[in-house]
Amino acid sequence: MAKPFIYLACGSAAMSAMLCKSRLEEALRKRGIKSFDLRICRVIELPENVRRLKPDLAIVTAGSYSEKDIDCPVFSGVPFMSNIGVDALMDKIIAVLKEKGKVP
Amino acid sequence: MHRSIDVRVLRVRSEERSEILKEMGDYLYSKGYVKKTFTDAVIEREGKYPTGLEIPGVVNVALPHADIEHVKRQALLVAVPKGPVKFKRMDAPDKDVDVELIIMPAINEPKGYVKFLSKLTMFIQKKEFLELVRGKRYDEIAESIREECLKPLMR
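Read top to bottom, the protein sequences are chains Y and H.
Using our numbering, you'd call the opening residue of the first sequence number 1 and step up by one each time.
Using our numbering, you'd call the opening residue of the second sequence number 1 and step up by one each time.
These are computed hints drawn from the structure, not numbers from a lab.
Note that CB positions come from ideal geometry on N, CA and C, so glycine has one too.
Take the hints with a grain of salt, since some may be wrong.
[What the hints assert, rightly or not] Heads up, simulated EDC-like pairs for lysine to aspartate or glutamate below, C-alpha to C-alpha not over 16 Å straight-line: (1) H:48 to H:94; (2) H:35 to H:23; (3) Y:54 to Y:67; (4) H:126 to H:109; (5) H:119 to Y:26; (6) H:22 to H:6; (7) Y:68 to Y:99; (8) H:48 to Y:48; (9) H:115 to Y:26; (10) H:115 to Y:67; (11) Y:68 to Y:87; (12) H:72 to H:26.
[Stated by the list, open to error] Now the stretches of chain H that chain Y is said to cover, found in silico as 3 or more residues with beta-carbon under 8 Å: (13) 38-52; (14) 126-138.
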């Protein structure tokens with residue numbers, strides 16, 4: 001089974017995306033998913049990265065973006081910022097990963 | 001954590017978002033934490049990528065910042081404005097959020113900062129911290145952040 005492949009994007013590819021990445025790693029492990037590919041970029045680079053590298057989904061924590069420009073499911077990373085609503089967000093993430101055959 | 005982060009609290013006089021950001025940025029500049037370009041960079045970034053975070057029923061906070069090249073020495077500047085200040089939401093830039101706590105990180109080593117930010121975003125939701133904010137107990141705000149969010153990382 002191929003690894004889940006997720007992009008995290010914020011304004012400057014630093015502060016909030018890194019926090020979200022560390023909380024997403026933790027949440028994936030908690031759900032028994034030990035192997036994954038998580039990458040960070042700036043939100044302005046996201047549409048091109050998604051087109052080129054085809055991640056399973058993207059999580060955005062800053063800035064405006066238009067969903068129609070991003071060719072994969074996109075979720076707000078705010079639950080990872082506040083650590084509130086992480087379970088509900090993880091349910092949605094897992095559902096997408098299941099659909100794409102990345103998790104059993 | 002490779003380098004330490006100074007925690008400071010500023011009693012801001014302004015009541016409008018950009019003016020508060022200017023007051024905070026200029027303070028960090030006056031103390032030698034950031035370059036002169038920092039303040040404008042924060043205000044510009046806040047316009048493009050707003051940082052208002054709504055934590056329903058707990059606290060609304062903003063985390064305005066600038067890219068690392070504007071920072072000389074790491075600091076975290078906290079301000080509790082006189083009344084709620086309108087920021088735009090990071091997840092919905094067309095929507096306002098009334099913010100009662102503004103935290104401005106001046107960071108040039110984001111990697112070491114993630115654990116601190118992780119602790120901080122949890123700690124600011126705690127009742128005992130929000131009591132300090134709402135009581136405008138400035139000295140205790142800084143001290144509690146140092147104790148609860150920085151110290152555990154130094155061990």
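Run the distance test for residue 54 of chain Y versus residue 67 of chain Y: straight-line Cα separation, threshold 16 Å.
Within the cut-off at roughly 15 Å; holds.
Within a Cα-Cα threshold of 16 Å, do residue 68 of chain Y and residue 87 of chain Y meet the stated pairing?
Given pair residue 68 of chain Y, residue 87 of chain Y is violated - Cα atoms ~26 Å apart, limit 16 Å.
Restraint check for residue 72 of chain H with residue 26 of chain H, where alpha carbons must lie at most 16 Å apart
holds (14 Å)
Can the restraint linking residue 22 of chain H and residue 6 of chain H be considered satisfied, given a maximum Cα separation of 16 Å?
Between residue 22 of chain H and residue 6 of chain H the Cα gap is close to 19 Å, so the pair fails against 16 Å, i.e. violated.
Within a Cα-Cα threshold of 16 Å, do residue 126 of chain H and residue 109 of chain H meet the stated pairing?
violated (26 Å)
Check the hint pairing residue 48 of chain H with residue 48 of chain Y against an upper bound of 16 Å on the C-alpha distance.
violated (19 Å)
Do the alpha carbons of residue 35 of chain H and residue 23 of chain H lie within 16 Å of each other, as the hint requires?
holds (14 Å)
CA of residue 68 of chain Y to CA of residue 99 of chain Y, is that 16 Å or under?
Violated - the C-alpha atoms of residue 99 of chain Y and residue 68 of chain Y are around 20 Å apart, more than 16 Å.
State whether the coverage of the stretch 126-138 of chain H by chain Y holds or is violated, taking the criterion as 3 or more residues with Cβ-Cβ distances under 8 Å.
violated (count 0)
Mind checking the alpha carbons of residue 115 of chain H and residue 67 of chain Y for me, to see if they're no more than 16 Å apart?
violated (30 Å)
Take a quick look at whether residue 48 of chain H and residue 94 of chain H sit within 16 Å of each other, Cα to Cα.
holds (11 Å)
Just to make sure I understand the rule, a stretch counts as covered if three or more of its residues have a C-beta closer than 8 Å to a C-beta of the chain. Does the stretch 38-52 of chain H meet that for chain Y?
holds (count 5)
Of the numbered hints listed earlier, those contradicted by the structure are 4, 6, 7, 8, 10, 11, 14.
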